[in-house]
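> One-letter residues, chain by chain:
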Amino acid sequence: QSVLTQPPSASGTPGQQVTMSCSGSNSNIRNNYVYWYQQFPGTAPKLLIYKNNQRPSGVPDRFSGSKSDTSASLAISGLRSEDEADYYCATWDDSLRGPVFGGGTKLTVL
Amino acid sequence: EEQLVESGGGLVQPGGSLRLTCVASGLSFSRYAVSWVRQAPGKGLEWVAVISDSGTYTDYADSVKGRFTITRDKAKNTVYLQVGSLRAEDTATYYCAKHGLPVTTDTVWLDTWGQGAQVTVSS
Numbered sequence: 001q002s003v004l005t006q007p008p009s010a011s012g013t014p015g016q017q018v019t020m021s022c023s024g025s026n027s028n029i030r031n032n033y034v035y036w037y038q039q040f041p042g043t044a045p046k047l048l049i050y051k052n053n054q055r056p057s058g059v060p061d062r063f064s065g066s067k068s069d070t071s072a073s074l075a076i077s078g079l080r081s082e083d084e085a086d087y088y089c090a091t092w093d094d095s096l097r098g099p100v101f102g103g104g105t106k107l108t109v110l
Numbered sequence: 111e112e113q114l115v116e117s118g119g120g121l122v123q124p125g126g127s128l129r130l131t132c133v134a135s136g137l138s139f140s141r142y143a144v145s146w147v148r149q150a151p152g153k154g155l156e157w158v159a160v161i162s163d164s165g166t167y168t169d170y171a172d173s174v175k176g177r178f179t180i181t182r183d184k185a186k187n188t189v190y191l192q193v194g195s196l197r198a199e200d201t202a203t204y205y206c207a208k209h210g211l212p213v214t215t216d217t218v219w220l221d222t223w224g225q226g227a228q229v230t231v232s233s
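Protein chains in written order, with our numbering: chain R, 1 to 110; chain P, 111 to 233.
Don't take every hint at face value.
Straight-line alpha carbon distances no greater than 30 Å define the calculated DSBU-like cross-link-like pairs of lysine-lysine that follow [what the hints assert, rightly or not]: (1) P:K184 x R:K67; (2) R:K106 x R:K51; (3) P:K186 x R:K106; (4) P:K186 x P:K175; (5) R:K67 x R:K46; (6) P:K153 x P:K175; (7) R:K106 x R:K67; (8) P:K175 x R:K51; (9) P:K153 x R:K106; (10) R:K67 x R:K51; (11) P:K184 x R:K46; (12) P:K153 x R:K67; (13) P:K153 x R:K51; (14) R:K106 x R:K46; (15) P:K186 x R:K67; (16) R:K46 x P:K175.
Partial chain R-side listing against chain P, Cβ under 7 Å, derived [to be verified]: (17) P45; (18) Y50; (19) A90.
Okay, the calculated bits of chain P under chain R, using three or more residues with CB under 8 Å as the criterion [to be verified]: (20) 178-191; (21) 213-220.
No wet-lab data here; the hints were simulated from the structure. We treat Cβ as the ideally placed atom computed from N, Cα and C, and that holds for glycine.
My request is simple: use the sequences and hints to build the entire structure.
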């Protein structure tokens with residue numbers, strides 16, 4: 001059972017916008033930055049979004065992050081087949097005094 | 111190219127131990143904390159341990175505390191994870207990851223990841 005809750009799956013068709021949620025609590029998301037990682041099968045995770053809504057160099061602006069209260073979201077616009085991957089949210093938990101990850105959302109591009 | 115390369119994984123019996131190594135190339139992470147994150151087969155990511163840039167501060171997930179030890183050798187640009195008293199539930203791919211901010215340990219900003227080292231605990 002992950003501290004952060006993500007829907008196990010999401011899907012969309014090419015060109016659509018898809019939004020994935022990440023639900024936390026007062027001890028984690030509310031007062032801390034949220035990070036998003038993208039992972040393709042058999043490969044290492046890659047930083048996709050940092051500090052709630054910042055994109056590292058090289059990440060397309062089709063990817064955007066947001067945070068409100070105890071939840072965060074990752075939106076992907078102009079969906080492409082190569083976006084099919086697992087997406088994980090992560091943040092710091094003040095009560096646990098450590099990093100926590102969501103269980104991940106598997107994105108399927110139909 | 112900046113990269114982290116892990117090694118040292120393998121098949122080990124329950125109760126056994128291994129030392130995982132994470133070497134940085136094309137980058138110096140002497141000013142950065144480094145974390146290990148693991149992923150059991152078909153499961154999500156789990157933070158395991160962190161070591162500060164100086165090596166003087168370390169912290170561990172409760173699930174591995176007392177069994178795993180993280181250290182670093184700045185001269186060799188290398189971080190180690192000694193994993194011991196291994197259990198079946200420690201079976202996972204272990205990734206080392208560099209923190210995205212200098213010095214900071216209390217963050218999940220992991221901007222560079224290694225390719226992973228597979229640890230399998232089985233008799």
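> Take the hints in turn and mark each one as holding or not.
Now for the hints, and whether the structure bears them out:
As the CA atoms of K184 (chain P) and K67 (chain R) are separated by approximately 37 Å, the hinted pair breaks the 30 Å bound. At most 30 Å may separate the alpha-carbon atoms for a hinted pair to count; K106 (chain R) and K51 (chain R) meet this at roughly 22 Å. Proximity of K186 (chain P) to K106 (chain R) is assessed by CA-CA distance (about 38 Å); at most 30 Å being required, the pair is judged violated. A C-alpha spacing of about 26 Å is found between K186 (chain P) and K175 (chain P), which places the hinted pair at or below 30 Å, so the restraint holds.
Of the pairs offered as hints, the one joining K67 (chain R) and K46 (chain R) holds, with about 20 Å between alpha carbons and a cut-off of 30 Å not exceeded. As the CA atoms of K153 (chain P) and K175 (chain P) are separated by approximately 21 Å, the hinted pair is consistent with the 30 Å bound. A threshold of 30 Å between alpha carbons decides the hint, and for K106 (chain R) with K67 (chain R) the separation of about 20 Å falls inside it, so the pair holds. Of the supplied pair hints, the one linking K175 (chain P) and K51 (chain R) holds, its CA atoms being roughly 28 Å apart against a limit of 30 Å.
At roughly 11 Å between alpha-carbon atoms, K153 (chain P) and K106 (chain R) fall within 30 Å of each other, so this suggested pair holds. Taking the CA atoms of K67 (chain R) and K51 (chain R), the gap is about 10 Å. The hint holds against a cut of 30 Å. Of the pairs offered as hints, the one joining K184 (chain P) and K46 (chain R) holds, with about 25 Å between alpha carbons and a cut-off of 30 Å not exceeded. Restraint check: the Cα-Cα separation between K153 (chain P) and K67 (chain R) comes to about 25 Å, which is no more than 30 Å; the hinted pair holds.
For the suggested pair K153 (chain P) and K51 (chain R), the alpha carbons sit about 25 Å apart, so the restraint of at most 30 Å is met. At roughly 15 Å between alpha-carbon atoms, K106 (chain R) and K46 (chain R) fall within 30 Å of each other, so this suggested pair holds. Pair hint K186 (chain P) plus K67 (chain R) does not hold up; C-alpha atoms about 39 Å apart against a cutoff of 30 Å. Between the alpha carbons of K46 (chain R) and K175 (chain P) the distance comes to roughly 26 Å, so the proposed pair stays at or under 30 Å and holds.
At a threshold of 7 Å, the smallest CB-CB gap from P45 (chain R) to chain P is about 6 Å, leaving the interface hint in force. The closest approach between the C-beta of Y50 (chain R) and any C-beta of chain P is roughly 5 Å, which is under the 7 Å cut-off, so the hint is satisfied. Annotation: A90 (chain R) was flagged as interfacial toward chain P, and the flag holds, the nearest CB pair being 4 Å apart, inside 7 Å. A stretch counts as covered by a chain when three or more of its residues have a beta carbon under 8 Å from one of that chain; for the region 178-191 of chain P and chain R the count is 0, and the coverage is violated.
For a cut-off of 8 Å, the count of residues in the region 213-220 of chain P with a CB near a CB of chain R stands at 5, and the three-residue condition holds.
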